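Starting from the given sequences, assemble the full structure and let the hints guide the process.
In order, the protein sequence lines correspond to chains P and Z. Numbered according to our numbering, the first sequence spans residues 1 to 280. Numbered according to our numbering, the second sequence spans residues 281 to 589.
Note that these hints are calculated values from the structure, not bench results. All values reported here derive from a predicted model rather than from experimental measurement. Think of the CB as a built atom: it goes at the ideal place given N, C-alpha and C, for glycine as much as any other residue. Treat the hints with care, as some may be off.
[Stated by the list, open to error] Take a look, some chain Z residues computed to stay more than 10 Å from chain P by CB distance:
1. Thr-341
2. Asp-354
3. Leu-453
4. Leu-579
5. Arg-582
6. Lys-584
[Stated by the list, open to error] The following label-pair restraints were derived from C-beta to C-beta distances:
7. P:Val-199 / Z:Pro-480: 29 to 35 Å
8. Z:Leu-350 / P:Leu-135: 25 to 31 Å
9. Z:Asp-444 / P:Ala-58: 24 to 30 Å
10. Z:Asp-436 / P:Gly-237: 28 to 34 Å
11. Z:Pro-454 / P:His-47: 46 to 52 Å
12. Z:Pro-504 / P:Val-199: 32 to 38 Å
13. Z:Gly-493 / P:Val-199: 43 to 49 Å
14. P:Ser-188 / Z:Pro-454: 54 to 60 Å
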Amino acid sequence: MTALRTGRAGRAGQYAALLGYLVLLAFPFLWLISTAFKPPRELGSLHPTWIPVNPTLANFRQAFDEQPLLQAAGNSLIAALAAALIAVVIATPMAYTMARRRGRLTTAATGWVVVSQAFPFVLVIIPLFLVLKNLQLINTLSGLIMVYVVWSLPFALWMLVGYVRAVPGELEEAAAVDGASRLRTLVSVTAPLLAPGIVATALFAFITAWNEFFFALVLLKTPEKQTLPVVLTHFLGAEGVADLGPLAAAAFLATIPSLVIFAIIQKRITGGMLAGAVKS
Amino acid sequence: MISATATARSGRKAARSTGGTVDHGAWFLVLPALIPILVLSVGPLLYGISLAFTDAQAGRTEPTEWVGTLNFQDLLHDTLFWESFRIGLLWAVGVTVPQFLLALGLALLLDQRLRLRWLARALAIVPWAMPEVVVGIMWRLVYNPDAGILNETLRDLGLGSGQDWLTGLATALPAVIVVGIWAGMPQTTVALLAGLQNTPHELHEAAALDGAGAWRRFRTVTWPAIRPVALAVTALNFIWNFNAFALVYVLTSGGPGGRTRLPMLFAYEQAFRYGQFGYAAAMGCVMVALISVMLAFYLVGRLKGGEDA
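Take a look at the structure:
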């Protein structure tokens, strides 16, 4: 199925298929944006339109009035930032070790990275809930951050191991030959080459935590502590009767940070996943 | 330079074989990550498995007691759980298979030199970047019986007056599955695209020169090259989908009448609505065990299937 000998009809078919995918991928998001800017009268109409007839910002104002969105965004920001920083700081040395030496520890760590993907959250969240409760960390951001750190470690390790492997060991050896100490080599040879990968990993961990819902739902009880995804579900109401306009407006706003960051690191993530998958 | 590297390498080997100080360094590097992993991942996991053999409950004052396999015996007769398990399997297969096929199609297209490819690549990432809660909210707006675009489009096309997709007994599960497919397509596409780009280009050219059509070239060149990736991706997707929570929680909360109550939702209710920690932990154990067995059969079967599968 390469482009070698694709006829004109084949090409047309490919473009038709691509167009189909574009529509499929884009239309729900476009509908969300459209709904966010519609006044109540159009939302109640039986014949909704793609483009709002009388676009309005009232939904955004109402969304901020109804729920503590700014506070929730602040909570999300703190949790995601702290989790991403801590995860990267503790994962980088370990990933370095895993990439550079083989041994039982490396095997066990790789095994854990794989196995941890398979366990249902419920088997982890109940004991975590009990442990955090004993430590008085339920309904605190610190408790949530601890969970997020551990939760993002497998993927962070996976990506970072790939990035470390991409730094040629010969460079470090050359530095060692030139008389640089081990620490000096790490700081002035390895770290600069690794920096883009570390940033990409941190940003990815940030998005994962920013988007996370389940742990936040279980661990955070009071509205002033809750993160953005949990607060968003409050718009849905008890009976699932939702005020569509503010709901769409708030959901749209909550997505923007993730989209922006993802656009920045898109290429690196794909690269990192690949690099991690290649065994040298 | 080359000889210097070689000496350095042999020197390093010597240092490694003498061990000692180097290993202390390794532990120092590993510990910051190892401790949280042991305390907050491995430990809780073992604790969770042991909870399954107790009568642990939320907010109880008497001490928790060992009850042996009582939870598992109860679970065996819990028809609600098995119904939920069946729905979970339907959901996981119903999402994973179409997701894979659609992602494969998209990856093959993105591997071509088509115009607008950049746009498709950018858009393909959107569902991945979005919070799951927002994906759920978004599709609720699409499915909304009155103000939703789906029913409006159906009305415009003269295909009936539409319906309340997420609350209809027959439509709720398929509607939720569609969202699951949409939400998980990007990761699968990216992984498959990476596999495709590792396919040797010369093989394609050779096959084309031999007069192989597009389908034959796909079967004989492309598929064998991406098969390992495809296998790994479907296995992982199956696990992730089976453990899904947020999407369905936002879309239907498991309704109507439990028609979309995935095992994770069921276990969540047992643990955090009714406080049955021990029982919910037992559910988690059973879920892991059964899914592992199914995956083992799938992977062994596929690997044995050899070249023509």
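Structure-based check of each hint:
| no. | hint | verdict |
| --- | --- | --- |
| 1 | Thr-341 | 14 Å, holds |
| 2 | Asp-354 | 17 Å, holds |
| 3 | Leu-453 | 17 Å, holds |
| 4 | Leu-579 | 12 Å, holds |
| 5 | Arg-582 | 17 Å, holds |
| 6 | Lys-584 | 21 Å, holds |
| 7 | P:Val-199 / Z:Pro-480: 29 to 35 Å | 33 Å, holds |
| 8 | Z:Leu-350 / P:Leu-135: 25 to 31 Å | 29 Å, holds |
| 9 | Z:Asp-444 / P:Ala-58: 24 to 30 Å | 27 Å, holds |
| 10 | Z:Asp-436 / P:Gly-237: 28 to 34 Å | 29 Å, holds |
| 11 | Z:Pro-454 / P:His-47: 46 to 52 Å | 25 Å, violated |
| 12 | Z:Pro-504 / P:Val-199: 32 to 38 Å | 36 Å, holds |
| 13 | Z:Gly-493 / P:Val-199: 43 to 49 Å | 45 Å, holds |
| 14 | P:Ser-188 / Z:Pro-454: 54 to 60 Å | 58 Å, holds |
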